[in-house]
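Protein chains: 2
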Amino acid sequence: MAKPRVVILGGGFGGLAAAEALGTDADVTIVDRNNYQTFLPLLYQVATAGMAADNVAFPIRAAIRKTQTKFRLGSPIAVDHKNKTVKLDSSEVLPFDYLVVALGSVTADFGIPGVADHTLGMKSVQESIVIRSEVMRRFEDLCRFEDKTRLKIVVIGGGPTGVEMSGALAELVRGPLKNDNQEAAKLIDVYLVEAGPRVLPMFAESLTTRTVKDLEKLGVNVLLNTAVSSVESGRINFASGESIDSQIIIWAAGVKGSPALANLSLPVVANRLDTQPTLQVTDYPYVLAVGDDSGAKGANGRYLPQVAPVAMQQGRFAAKQILKLAKGEALSEFQYVDKGSMATIGRNKAIMQVKGIKIAGPIAWFGWLFLHLIYLLGGRNKVGTVADWTWNYFTFDRGNRNIFDSF
Amino acid sequence: MAKPRVVILGGGFGGLAAAEALGTDADVTIVDRNNYQTFLPLLYQVATAGMAADNVAFPIRAAIRKTQTKFRLGSPIAVDHKNKTVKLDSSEVLPFDYLVVALGSVTADFGIPGVADHTLGMKSVQESIVIRSEVMRRFEDLCRFEDKTRLKIVVIGGGPTGVEMSGALAELVRGPLKNDNQEAAKLIDVYLVEAGPRVLPMFAESLTTRTVKDLEKLGVNVLLNTAVSSVESGRINFASGESIDSQIIIWAAGVKGSPALANLSLPVVANRLDTQPTLQVTDYPYVLAVGDDSGAKGANGRYLPQVAPVAMQQGRFAAKQILKLAKGEALSEFQYVDKGSMATIGRNKAIMQVKGIKIAGPIAWFGWLFLHLIYLLGGRNKVGTVADWTWNYFTFDRGNRNIFDSF
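Chains as they are written, first to last, in this note's numbering: chain A, 1380 to 1786; chain B, 1380 to 1786.
None of these hints come from the bench; they were simulated from the model. Glycine included, every Cβ here is placed at the ideal spot set by N, Cα and C. Don't take every hint at face value.
[Unchecked claim] Simulated restraints, written as ranges between beta carbons of each label pair: (1) 1561(B) with 1714(A): 34 to 44 Å; (2) 1581(A) with 1624(B): 50 to 60 Å; (3) 1525(A) with 1709(B): 32 to 42 Å; (4) 1609(A) with 1633(B): 47 to 57 Å; (5) 1750(B) with 1558(A): 54 to 64 Å; (6) 1525(A) with 1461(B): 22 to 32 Å; (7) 1786(A) with 1707(B): 47 to 57 Å; (8) 1676(A) with 1624(B): 47 to 57 Å.
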């Protein structure tokens, strides 16, 4: 029997997990617009100069080297469901028996005016380099003008990304930038803005209370119950009618399924593919939806969170389903195994919640470091990251604060 | 006595050496258009995916932290010699008693048509990321089309930069790219083009013969006595009337003093400042010229080479001269101490010439590694680079082959 031909759209956590699980049992091609996987959970470290940019990217071809998986650089522009082919922006046409959609997500602005034009996103290596460069450029302005103008850096969104970003920014300001120029560093304020009543709502209340205290200890101004109504150049307007002037506005309030889903001639609901519990797209049994684009729901009847563990579990599951489909076997339903959540706030400061167990402080922090290293693809990235982190930890310095965003 | 006010234009090897040597004996301000020093001798490693881009950059503020040296991000646009001030593009006006000009160099095209428009330079982190990205993108094209179209990468200039670049490109193709896709890698040709009769003319003939052999072993096509007459899009024309089609043309044929010298109201000869043996600019005794911009000549009556050791020695020397000038002491004349030259060709392949001693092979190669690590500013960059190089050496892989050039 010929091996099933599988095209996987997207080489992120979900797509790579699917390819790895298919291994040599299928004829697999991964398509991605980048030639590398982006390790999104650590982009905030690039944005705050804690890690070299190259260390959060891992060449997809290196990841798939052991199997006979093929790779194509490109984005899907159309799917011909009659002939089962996908067309790429490079004009290539790839035939498939099964299609895995794992295109990931983009920044969601929830229709709030000005977000797209006046805020900095956190969804790519380039965006994180832009944030780093913008922070360092504004810092140099403070050093130059010596006129007590304050620089307000505002992070919008109290999820893990926003918490980690604001904590790391505050540490950058209080550590390396203070050592660089104490007077200028004193002029920088870091804000974290959250529309709801607490940050990190997926954690127990005791842990989120602790998180806010930890952030405030680092000097972050945490504004809860503060919904953004619009953003202008240099200003954020709140639903309360108040506003805040800010020169650097970072949008970490949420993500939505990839707009490229619209090119696939598949049913899309709420920016996700309409997905069955088997991960098959409704009415398209040969298409499986994985990760941020998947409309599969959890036991509580709600969409699963758009995080790496879901994508990786679904990727592996989709691979097994495809092999079953090829053999004519019955499919099972996907069940997400929540292994717990963790978030880091700063040096020795993190929270971790696994089943009923709640941990905060250095143990959670070292656990966070360890798990992120394990999941960082590629030995070289691991080694380089350990080097960066060890250096940062013992010297209180961050050596990657280079302005690199203009080409 | 008040400390002399010194403005140093340029935070490269020369400017930083001057700042360090002045230490706290002067009121020093460094001006640079980047907030980091670029470690130019290793840019070819970024271009060929051997090192993370952040590791060839070192924050200037971290380099000057121990002294009270100030830093300004910007470029000089005018010098007022009557009032002894320098104006920056940020509109700041910096007063000085002594001015050190260490602005470095830019790519020289020697007036050859098409070079500026159709070749890739090697003078900045960004340019090296562009080369890396362009090589990887073209490689993906080869993987995509599978039609035997060959990709010719041509490096023009047989000096150390051209030799190191072409050797590292050939190793990238024969190692990681071959592992990624053997058929596609076979379609790539690397050329090194030199106008003169031999590469690396600063070395003994026995070493340059060895270098050409080593390059050819790696698969580089070395073309000697091949002067370029013009460059078009995708094609290089030679003085002989022949031409070669090339999709990636890298220009490593030479550098010239910074065009920003024209803003300083100082005498410029042959793209360098007209400089006395004391390093003072002719008729401007309070201005000292350091490194690639200096018109100081060697014992042979010719300009000194535009390399890091000259800049560093001149930077330290200029600092001493300034302290003598401030005390009214007599000045001495700069004498370059040539500590020898080295160039690397590839794994275990390098040449080294110190006084009369000539070494080629693994010992020279490890010597090259060791010296470049010693001179790489900053412990974090050292650690990260050791990690990258160790990884590359034992795995024959290069993990930084990410396409990062579009923002």
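Do the hints match the structure? See the list:
{"no.": "1", "hint": "1561(B) with 1714(A): 34 to 44 Å", "result": "holds, 41 Å"}
{"no.": "2", "hint": "1581(A) with 1624(B): 50 to 60 Å", "result": "holds, 57 Å"}
{"no.": "3", "hint": "1525(A) with 1709(B): 32 to 42 Å", "result": "holds, 38 Å"}
{"no.": "4", "hint": "1609(A) with 1633(B): 47 to 57 Å", "result": "holds, 54 Å"}
{"no.": "5", "hint": "1750(B) with 1558(A): 54 to 64 Å", "result": "violated, 29 Å"}
{"no.": "6", "hint": "1525(A) with 1461(B): 22 to 32 Å", "result": "holds, 26 Å"}
{"no.": "7", "hint": "1786(A) with 1707(B): 47 to 57 Å", "result": "holds, 49 Å"}
{"no.": "8", "hint": "1676(A) with 1624(B): 47 to 57 Å", "result": "holds, 56 Å"}
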